[in-house]
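*Asks:* The primary structure of each chain is shown beneath.
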Amino acid sequence: MTRSLRIYREAYLKALENKSPADQKRITARFLSRLVRDRALSKIGQIEKGIRRAHMKNSGRSEIAVESAAQLDPKYRGELERMFGTRALIRETVNPDLVAGARILVDDELLINATGKRFLNDMFAPSHHL
Amino acid sequence: MTDFIIDQLKSEIEGFRKNLKAEKIGRVIEVGDGIARIYGLSNAASQEMLEFETPYGAVHGIAFNLEEESVGAIILGDSTKISEGDHVKTTGRVLSIRVGHELVGRVLNPLGVAVDGRGPVFDSDEDAVYYPVERTAPSVVEREPVNTPIHTGIKAIDSMIPIGRGQRELIIGDRQIGKTSIAIDTIINQGRDPQNRRPICIYVAIGQKESKIASIVAELTRAGAMEYTIVVSAPASEPAPLWYLAPYAGAAIGEYFMHKGEDALVIYDDLSKHAWSYRELSLLLRRPPGREAYPGDIFYLHSRLLERAAKLSKEKGGGSLTALPIIETQLGDVSAYIPTNVISITDGQIYLEPELFFQGLRPAVNVGLSVSRVGSSAQTKAMKKVAGRLRLELAQYRELAAFAQFASELDESTRKRLERGRRLSEILKQGEREPMPFEHQVVLIYAGTNGYFDTIPAEDVESRGSDLLDYVGKMYDKEILAPLRETGELTKEIEEKLKAILNQFLRI
Chain A
1 MTRSLRIYRE AYLKALENKS PADQKRITAR FLSRLVRDRA LSKIGQIEKG IRRAHMKNSG
61 RSEIAVESAA QLDPKYRGEL ERMFGTRALI RETVNPDLVA GARILVDDEL LINATGKRFL
121 NDMFAPSHHL
Chain B
1001 MTDFIIDQLK SEIEGFRKNL KAEKIGRVIE VGDGIARIYG LSNAASQEML EFETPYGAVH
1061 GIAFNLEEES VGAIILGDST KISEGDHVKT TGRVLSIRVG HELVGRVLNP LGVAVDGRGP
1121 VFDSDEDAVY YPVERTAPSV VEREPVNTPI HTGIKAIDSM IPIGRGQREL IIGDRQIGKT
1181 SIAIDTIINQ GRDPQNRRPI CIYVAIGQKE SKIASIVAEL TRAGAMEYTI VVSAPASEPA
1241 PLWYLAPYAG AAIGEYFMHK GEDALVIYDD LSKHAWSYRE LSLLLRRPPG REAYPGDIFY
1301 LHSRLLERAA KLSKEKGGGS LTALPIIETQ LGDVSAYIPT NVISITDGQI YLEPELFFQG
1361 LRPAVNVGLS VSRVGSSAQT KAMKKVAGRL RLELAQYREL AAFAQFASEL DESTRKRLER
1421 GRRLSEILKQ GEREPMPFEH QVVLIYAGTN GYFDTIPAED VESRGSDLLD YVGKMYDKEI
1481 LAPLRETGEL TKEIEEKLKA ILNQFLRI
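Heads up: the protein sequence lines correspond to chains A and B, in order.
Sequential numbering of the first sequence, starting at 1, is according to the working numbering.
Sequential numbering of the second sequence, starting at 1001, is according to the working numbering.
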């Protein structure tokens, strides 16, 4: 029987608490075989993402993905660190498709989109209500 | 001109920072078969429009299933553009369709985009009016009882199963038995009404072959009916989400005219396929299946749609939206899940029977199983007067005809009843695309129910009937037909004149 992602995630994280690395390995193996039995192995990617997110949250850290049209100026990087704190895990990528500016994704949930691409899309968006 | 564009761009660019805001987003975790599953979007509302950001531009969808950690959405555009990991954001809007008088005469898809190859529907974006595809039905205080007839031009229907403006009358029957024909004839017949009373007709084609939709549009155009008709087309080649949306889009267009104080007639052809599309979407979204694998809210799917048909009170403008849903039965089984649901929602049904159809009685309306629960109060006085006995006489005829098969000798009164019934059945026969004006129907049915055809052989009744109408039309239009048309009443004076004409014409 397939359970919700949250149940799998929480059960796995709880089982790992205060366990030695060897035990953690055994628990992970058992967890994977459980997923196979439940025919839920296809959800492993989402479970892993959820676990990573929960782990970051529990440790008080946040994950910041910065995508910019050109290499980010070190001055702006420092500004980002000040804004999100030193415990933030900042990952940078360059995507010339963005035309100009950058977009910042916080914890895979909150998007601050300050790119030229978005600006152009908004300007030329069709006026109908779709 | 160039300076103006540059100035506009400048001002847009200057204002860019002001628009900057943080948005909650989700990510596509699964996509296929016209649906997507999205992780995140905890702030999404049910039925809210979603925007999928793809490398090829934005694709839109509707939030359908709000689950613990994900959102199930139906995709309204090209789902092949969406891939796993794409960002999705909420829009804070429900799906709306642009409405206006410009829609009349056009063929649209359920999103309001013209598909007839005649270019965009609207010339400019000024004064654009958008109607939500889903809307709550008018409340009790906003309505008034059905009191105006909508003539279908079909004798069997206008005389025995009258339909009023604001009513919901189901057309039900097996495949290839004339359900769509009744709907198309009804649309064509609306052209007889004076322009100020003529309803705007909306024909919603759900899951039909494109060739069939094209032939319907061609027939309506040929009959001049596209001047007051809008076709909403969700053909078989479109994905299930568009089939699902089509009737709601049709209802939204109808509501626009209703709210303007006009009358509208919307035909949903057909709701069986609409139910299939909803079943498909629900199963793909893994909603628990119920009877015949339909989801639990299949009744609400149709009731919320058909409840939007209404006759508004005078304070609300007095407009109306009449709905003629069509349901296709399998082997005449009216007790299946969807037919019983829609029968219980509507204000009556026109049941078409295969046996009658193959006997040559067309339209194959089964008078016994067909009913109009509110239409009689909207029926014109003249028709009420002449057709009062028709239903009873036909019912008695059918019953006696069944018994007469076994009896060798019949008494005089039974024989007479059978003869009268045969002739009345002949009178009610009517060809496709030959809707008859209401005043002609009154003359024919008056002659039939009062025994003027009794002396004529049954097989000649149809031709003698049309001769009679030709004669009355040419010689007595001012005395008989015009007053009937204008007042809707069969006064003593008209009746006397009619009797004299019938005596003179049919008894020679």
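Keep in mind the hints are simulated off the structure, nothing from the lab.
Check before you lean on any hint, since a few could be wrong.
[To be verified] Simulated restraints on C-beta separations: (1) GLY1317(B) x ALA100(A): 33 to 41 Å; (2) PHE31(A) x PRO1055(B): 52 to 60 Å; (3) LEU16(A) x GLN1008(B): 34 to 42 Å; (4) ASN58(A) x ILE1005(B): 47 to 55 Å; (5) GLY1100(B) x ASN58(A): 21 to 29 Å; (6) GLU1102(B) x PRO96(A): 40 to 48 Å.
Idealized CB from N, CA, C, for every residue including glycine.
*Asks:* Indicate whether the distance between the beta carbons of GLU1102(B) and PRO96(A) respects the range 40 to 48 Å.
*Replies:* At 42 Å between Cβs, range holds.
*Asks:* Is the hinted range of 52 to 60 Å satisfied by the C-beta distance from PHE31(A) to PRO1055(B)?
*Replies:* violated (35 Å)
*Asks:* Given the range 21 to 29 Å, decide if the beta-carbon distance of GLY1100(B) to ASN58(A) lies inside it.
*Replies:* Cβ of GLY1100(B) to Cβ of ASN58(A): about 55 Å, so the range 21 to 29 Å is violated.
*Asks:* So the hint says 47 to 55 Å: do the beta-carbon atoms of ASN58(A) and ILE1005(B) match that?
*Replies:* holds (53 Å)
*Asks:* Indicate whether the distance between the beta carbons of GLY1317(B) and ALA100(A) respects the range 33 to 41 Å.
*Replies:* With Cβ atoms ~51 Å apart, the hint is violated.
*Asks:* Taking the CB of LEU16(A) and the CB of GLN1008(B), does the distance hold inside 34 to 42 Å?
*Replies:* Violated, at about 58 Å.
When held up to the earlier numbered hints, the structure conflicts with 1, 2, 3, 5 and fits the remainder.
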